[in-house]
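J.: The sequence shown: position 55 = 54 (numbering that gives the first Met the number 0), numbered continuously.
These are computed hints drawn from the structure, not numbers from a lab.
The model shown is predicted, which means the values in this text are computed figures rather than measured ones.
Among these hints, one or two may not hold up.
Below, in silico cross-link-like pairs of lysine to aspartate or glutamate (DMTMM-like), each with a Cα-Cα straight-line distance of 25 Å or less [as the list claims (entries may be wrong)]:
| hint | residue 1 | residue 2 |
| --- | --- | --- |
| 1 | K2 | E359 |
| 2 | K366 | D356 |
| 3 | K250 | E307 |
| 4 | K288 | E359 |
| 5 | K202 | E60 |
| 6 | K175 | D289 |
| 7 | K432 | D380 |
| 8 | K175 | D67 |
| 9 | K55 | D356 |
| 10 | K314 | D399 |
| 11 | K360 | E340 |
| 12 | K314 | E340 |
| 13 | K141 | D59 |
| 14 | K314 | E206 |
| 15 | K360 | D67 |
| 16 | K30 | D239 |
| 17 | K391 | D441 |
| 18 | K432 | D403 |
| 19 | K2 | D40 |
| 20 | K391 | E359 |
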Amino acid sequence: MNKPIHIVIAGGGTAGWMAANYFAHKWSSGKVNITLVESSDIGIIGVGEGSTPTLKRFFDELNIPENDWMPKCNATYKVSIQFNNWSPGSGINQYRHPFISQTDTFTQRAFEVNCRTRRLGLDTHVKPEDFLINGMLAKQNKAPLTPDNFPFRMEYGYHFDSALLGNYLRELAIGKGVTHVNAIISDVVLHPSGDISHLVTDKGIIEGDFFLDCTGFSSTLLQQALGVKFNSYSENLFNDSAVVLPTQAQKNIKVETQSTALSSGWCWTIPLQNRTGNGYVYSTAHLSKDQAEEELRRHLGFESTDVEARHLKMKVGQVGQHWHKNCLALGLSQGFIEPLEATALHLVQICIEYFSDTFEKNGFSTKPCSNYNSFARERFDRVRDYIVAHYKLNTREDSDYWHDNRENMVMSDSLNSILSAWFSRQDLASEIKRQNIGMHWDSVSW
């Protein structure tokens, strides 16, 4: 019998423990041994977080019921994102981006037709909540739960406390046989071949065949030890910081995230069971740290409170190679795109799934796979484009920030073609199909 492959995951948090659980579930036959090393002395960036419907697939595949994990993570349902004050010049100060469900098969086409005729000058209804079931649920503040015999699949995501979710997944993974080492990594030692040989920790040496870098923005393994370059998105996306301030839980908990445009960025409002998460994502080239906190407090009506705000720096972009030598980066160590469409865990999850399939098909070879790297880079770039479009199409006139975003011409060929099709009144669905990028967001979302 061949010796099991030993995968060592450096760093915990949601990304590390999602990977540990997925691998333990997928390779429960003993082909793979999994060790996760993290330090309880090193905190994680844990704020109220939202997801896309992809996360439900993760829980379903691992047979994790909502009535178990949601209460333990103060989680709530999410069917939509509501955007406030992004485009006052259009006459529509508020619009929603609801998740598309199977029930929308016919009405989503009507929505697209109305959007197209409105561009031609006709006064047609173009609010998604008039056409898409999750938009209607958001408007009425109803949960996306259906009877047992309901013939259609509802698509929805979640709001949750990311620190609590990481803790929940840790206990779950340990119960599945994942070895947990509470230690501080002090060094990463390489083979003469350039592969990672082992980690040096305050609890001893940890050897492995393959390593996952889940060490956050520091990227201790992939970027620091292996020297993989980080490619910034700063020319496309200006926001590089956030200030976070929790408030009391909503009396009537919303089933959607609020995204409200402010002077130099936007504020998220994420409803959890025990509190409401709020954060101002902004550009330090346009606003100072103190100004951002003051504006957030004013927006929340929280100016006289002694609740301390948290200030976070964001490293927006992605690594040149997500899988290099015998190391794969996941989560913040592989890249980050600001949380406007809650894509952080979406990218983590699809990378975990694609890697595990590729790893197994290639006979658990630790050699890098070019197809995987192309897949990961493409996914990050397309998410970037979708986020850039939000800023590019704003109609605000109240600050240099919004003007600079609108005038920014640094865009990918893909996004240029999509916007060209839109402004020339072509069929957007045809352009999405031509580029074969509907797996990211379809024409209804655009």
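J.: None of the hints should be skipped; say for each whether it holds.
T.: Hints versus structure:
| no. | hint | in the structure |
| --- | --- | --- |
| 1 | K2 - E359 | 15 Å, holds |
| 2 | K366 - D356 | 14 Å, holds |
| 3 | K250 - E307 | 23 Å, holds |
| 4 | K288 - E359 | 46 Å, violated |
| 5 | K202 - E60 | 34 Å, violated |
| 6 | K175 - D289 | 46 Å, violated |
| 7 | K432 - D380 | 17 Å, holds |
| 8 | K175 - D67 | 17 Å, holds |
| 9 | K55 - D356 | 19 Å, holds |
| 10 | K314 - D399 | 22 Å, holds |
| 11 | K360 - E340 | 32 Å, violated |
| 12 | K314 - E340 | 17 Å, holds |
| 13 | K141 - D59 | 22 Å, holds |
| 14 | K314 - E206 | 30 Å, violated |
| 15 | K360 - D67 | 33 Å, violated |
| 16 | K30 - D239 | 42 Å, violated |
| 17 | K391 - D441 | 19 Å, holds |
| 18 | K432 - D403 | 31 Å, violated |
| 19 | K2 - D40 | 34 Å, violated |
| 20 | K391 - E359 | 41 Å, violated |
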